[in-house]
Amino acid sequence: MRYELVDGMLMVTPIPLPIHQTAVVQLSVRLDGACPEDSEVFPGPLDFRPTARRSLQPDVLVCRVKDIGPTAIERPLLLAVEVLSPATRSKDLVLKRGLYEEAGVTSYWMFDPDAEVLTVLELEGGRYVERAVVKGDDAFDAELPFRVRIVPGELVRRRH
Amino acid sequence: MELMQHIEHGNFTLADLDALPDDGRQYELVDGIYLVTPSPTVLHQMAAMEIVYRLRHKCPPEYQVYFAPMDYRPTSGRSLQPDVIVASCHDRGPDALRLPLLLAVEVLSPATRSKDLILKRNLYEEAGVRSYWIFDPEAEALTVLELEGGRYVERAVVKGDDAFDAELPFQVRIVPSELVRRR
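For the record, the sequence lines run as chains S and A. For the first sequence, this note's numbering puts the final residue at 161, and the numbers step up evenly by one. For the second sequence, this note's numbering puts the final residue at 602, and the numbers step up evenly by one.
Check the hints yourself; a few may be wrong.
As the list claims (entries may be wrong) - Below, a sample of chain A positions facing chain S; criterion: calculated Cβ distance under 8 Å:
id : residue
1  : N430
2  : F431
3  : D450
4  : Y453
5  : V455
6  : P457
7  : V461
8  : R517
9  : P529
10 : A530
11 : S533
12 : N541
These are calculated hints, taken from the structure and not from any lab test. None of the values given here were measured: they were computed from a predicted structure. Think of the CB as a built atom: it goes at the ideal place given N, C-alpha and C, for glycine as much as any other residue.
Start from the sequences, fold in the hints, and give me the full structure.
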């Protein structure tokens, strides 16, 4: 199970579904293949601790190498990715959006594996704006956190 | 005999929630995740009690005022515990409230601030809770949200000694500073 802390409240999330984990691996692989030397890609669970009372576990995260601490990352992430599931939809779409925004996470991607839709949020003046919503076989060419092409449909199909 | 507990992937359920031990913490369920909140502070309980007192004093007979813990279960995957509830007497089920509440009140604490301001605002809105009051006992500020076309609009933000004369769920006067006078 996944335990996250928000200001003294504990959020407990059950074991994820296979489709969720498939998408996490596929996203991690694509990001890792394009990641420059000064950054690092981590599939969860890894703690992101923006304050002394918050511990969040994105499904995938990208941070600067110099920000990697011994047990957790405390500096703002370059990218947090959440793969939605029926259990985590409200948490990811509503609460974590607010928490990542407050923490200064530059980019927040939400991927819905059932609908094969990737929603890309990026900070602008301290608030998230929706940069792109990409579906199915349409390609998304990200500029942040670095250049990488993501095709939503490919994230949930088995590799040949 | 089945000794091993079956753990379903992807979701905690209301049945899982009901099976949890009563350990003094607050357990809420949101679509399969648990939200676990520690016991509230004295200031929090004081303010919640004062709000209940004022509401009960003005509550018409067809409505009922509830003090937490009382489960509000708007869907089969959600169980929420507002600090204070006003609901119609007809909406009372055997174990929990299920129909849209007339009023949910949350008293902010450091532990629940984000949950109350961000997540629960959205969940109550989705559930059709007509009024949502958020009281910040440190700032002595009451924020009043009311549904309009399915979305919450901020009807009032009242601070300190200013009085708020509510029309919904019924006529009642709330003065924020009086809710925490004894702190």
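Do the hints match the structure? See the list:
no. : hint : verdict
1   : N430 : 5 Å, holds
2   : F431 : 6 Å, holds
3   : D450 : 6 Å, holds
4   : Y453 : 4 Å, holds
5   : V455 : 4 Å, holds
6   : P457 : 6 Å, holds
7   : V461 : 15 Å, violated
8   : R517 : 18 Å, violated
9   : P529 : 6 Å, holds
10  : A530 : 3 Å, holds
11  : S533 : 5 Å, holds
12  : N541 : 5 Å, holds
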